[in-house]
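Protein sequences appear in the order of chains A and B.
Residue numbering for the first sequence is 1 to 209, as defined by the working numbering.
Residue numbering for the second sequence is 210 to 418, as defined by the working numbering.
If you are wondering where the hints come from, they were derived from the structure by calculation, not from laboratory data.
Note that the Cβ used here is the ideal one computed from N, Cα and C, for glycine as well.
Among the clues, some could well be false.
Every beta carbon over 12 Å from chain A, so not counted as near; a handful from chain B, in silico [as the list claims (entries may be wrong)]: (1) 262; (2) 304; (3) 328; (4) 331; (5) 334; (6) 361; (7) 362; (8) 365; (9) 372.
Mimicking DSS-like on lysine-lysine, the simulated pairs with C-alpha atoms at most 30 Å apart in a straight line are [stated by the list, open to error]: (10) A:22 - B:403; (11) A:163 - A:194; (12) B:246 - B:332; (13) A:163 - B:403; (14) B:411 - A:22; (15) A:123 - B:332; (16) B:332 - B:372; (17) A:202 - B:230; (18) B:242 - B:232; (19) B:403 - A:21; (20) A:202 - B:232.
Protein chains: 2
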Amino acid sequence: MTEPDATLPEDEARHAAKMAKKKAARDRMMDAKTGEKGLIIVHTGPGKGKSSSGFGMIMRCIAHQMPCAVVQFIKGAWDTGERRLLTTHFSDLCQFHSMGEGFTWETQDKARDIAAAEAGWRKAQELIRDPSIRMVLLDEINIAFRYGYLDAAEVLAFLQAEKPPMTHVVLTGRGAPEALVEAADLVTEMTQVKHPFRAGIKAQPGVEF
Amino acid sequence: MTEPDATLPEDEARHAAKMAKKKAARDRMMDAKTGEKGLIIVHTGPGKGKSSSGFGMIMRCIAHQMPCAVVQFIKGAWDTGERRLLTTHFSDLCQFHSMGEGFTWETQDKARDIAAAEAGWRKAQELIRDPSIRMVLLDEINIAFRYGYLDAAEVLAFLQAEKPPMTHVVLTGRGAPEALVEAADLVTEMTQVKHPFRAGIKAQPGVEF
């Protein structure tokens with residue numbers, strides 16, 4: 001057999017040499033990245049994970065003792081896990097504001113939806129202006145843009161003019177406005193490959209809320 | 210002006226009627242989804258949010274008092290926010306096991322990488338077999354498949370044969386094997402639209418770890 005065997009010492013040495021070279025290249029690359037900056041982060045697309053990864057970043061901030069805040073624009077009336085966990089365990093580090101009262105087809109009242117979105121945005125502005133708050137998650141705000149309840153251009157102008165340089169602002173929801181994607185520092189599109197709703201499985205605790 | 214005005218009572222009534230219809234249709238659709246099932250969930254793709262949304266779901270489980278567990282296959286040596294938060298606050302509800310010792314180019318030792326991946330998988334099997342554990346996050350396990358440290362077919366066969374029906378298993382990492390995507394219930398591909406590393410910004414606490 002002439003095939004290389006992973007357990008042969010010469011193969012291990014070759015692997016180590018290759019990895020040492022890769023590490024050196026990677027270290028050079030990472031050394032060039034020295035900037036620190038408060039980011040505008042967008043999670044969009046039809047797939048799952050937009051809110052849960054925003055919530056995951058909020059938990060990372062809490063772990064690092066970085067004060068942070070959440071404004072929920074749509075799911076306000078729901079008893080979600082994230083809401084329960086943040087309000088019962090971490091209210092000292094993370095403010096949690098639920099402004100929406102559910103999806104538009106739940107409230108069936110456009111004026112009330114618009115008022116809730118506007119109240120959410122006023123609260124968000126107050127939180128973003130406070131430089132002691134290091135991350136503000138605007139959960140499902142893109143839905144408020146899509147329904148015309150908030151003006152994306154106005155929100156973007158505020159972020160560009162008034163966001164403190166080290167504050168991260170995370171905006172989630174499908175259908176993020178193009179101008180927001182253009183202006184953001186970090187944009188991820190969650191693409192749906194397969195979803196269990198299609199197989200008749202309902203929303204389940206831990207997974208969806 | 211013949212343009213409809215959002216504040217006119219007739220427009221409000223029209224909106225309410227439209228939304229009532231939408232709600233009825235949606236309720237019928239959601240009523241058809243009665244199934245409950247432990248899911249095989251895959252987060253893959255080059256974009257951000259694979260681990261953080263897995264971590265977000267773990268926090269949802271904790272909020273619902275559902276016992277859960279994390280096995281980290283790659284980032285083991287890192288002091289991440291998720292590790293710190295779970296081990297200091299929630300060790301009663303969530304086991305946290307770090308088996309990897311960093312990326313392959315950090316260890317530069319293939320035999321050690323393989324041994325760590327195999328130890329991680331043994332621990333994962335033990336956790337998945339325990340039906341009291343409702344969600345097991347196998348963080349970055351797809352990387353272990355990509356490097357050939359673990360056999361995806363073997364892992365998949367185990368999940369199909371031994372995963373208790375109500376247990377959710379979440380597998381993250383770019384480059385998920387095709388067979389795993391085929392077999393999974395919920396698959397999201399995180400697509401990278403824009404990343405601040407490209408603009409010279411380094412990994413920052415709260416955002417990346």
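For each hint, the structure was consulted:
1. Once the 12 Å rule is applied to beta carbons, residue 262 of chain B is inconsistent with being away from chain A; the minimum gap is 4 Å.
2. Distance to chain A confirms residue 304 of chain B as a non-interface residue, since its nearest Cβ pair spans about 15 Å, more than 12 Å.
3. For residue 328 of chain B, the shortest C-beta to C-beta distance to chain A comes to about 17 Å, beyond the 12 Å cut-off, and the non-interface label holds.
4. No Cβ of chain A approaches the Cβ of residue 331 of chain B within 12 Å, the least distance being about 19 Å, so the stated non-interface status holds.
5. Annotated as non-interface, residue 334 of chain B keeps its C-beta farther than 12 Å from every C-beta of chain A; the closest such distance is 21 Å.
6. Chain A leaves residue 361 of chain B outside its interface by the beta-carbon criterion, the shortest separation being 17 Å against a cut-off of 12 Å.
7. No Cβ of chain A approaches the Cβ of residue 362 of chain B within 12 Å, the least distance being about 18 Å, so the stated non-interface status holds.
8. Consistency note on residue 365 of chain B: stated as away from chain A, and its beta-carbon is indeed over 12 Å from all of that chain's, at 15 Å minimum.
9. With a closest Cβ-Cβ approach of about 15 Å to chain A, residue 372 of chain B is found to remain outside the 12 Å limit, as its non-interface label requires.
10. Between residue 22 of chain A and residue 403 of chain B the alpha-carbon distance is near 24 Å, which keeps this suggested pair within the 30 Å criterion.
11. The straight-line distance between the Cα atoms of residue 163 of chain A and residue 194 of chain A is roughly 37 Å, outside the 30 Å bound, and the hint therefore fails.
12. Taking the CA atoms of residue 246 of chain B and residue 332 of chain B, the gap is about 23 Å. The hint holds against a cut of 30 Å.
13. A hinted pair counts as satisfied when its Cα atoms are at most 30 Å apart, and residue 163 of chain A with residue 403 of chain B qualifies at roughly 20 Å.
14. With a C-alpha separation of about 19 Å, the suggested pairing of residue 411 of chain B with residue 22 of chain A holds against the 30 Å cut-off.
15. For the hint linking residue 123 of chain A to residue 332 of chain B, the alpha-carbon distance of about 45 Å lies beyond 30 Å, and the restraint is violated.
16. Between residue 332 of chain B and residue 372 of chain B, the direct Cα distance comes to roughly 14 Å. Compliance with the 30 Å bound is thereby established for this hinted pair.
17. Straight-line distance between C-alpha atoms of residue 202 of chain A and residue 230 of chain B comes to about 21 Å, which keeps the hinted pair within the 30 Å bound.
18. With a C-alpha separation of about 15 Å, the suggested pairing of residue 242 of chain B with residue 232 of chain B holds against the 30 Å cut-off.
19. A C-alpha spacing of about 27 Å is found between residue 403 of chain B and residue 21 of chain A, which places the hinted pair at or below 30 Å, so the restraint holds.
20. This hinted pair checks out: residue 202 of chain A and residue 232 of chain B have alpha carbons roughly 17 Å apart, not beyond 30 Å.
Violation of the numbered hints given earlier is confined to hints 1, 11, 15; the remaining hints are satisfied by the structure.
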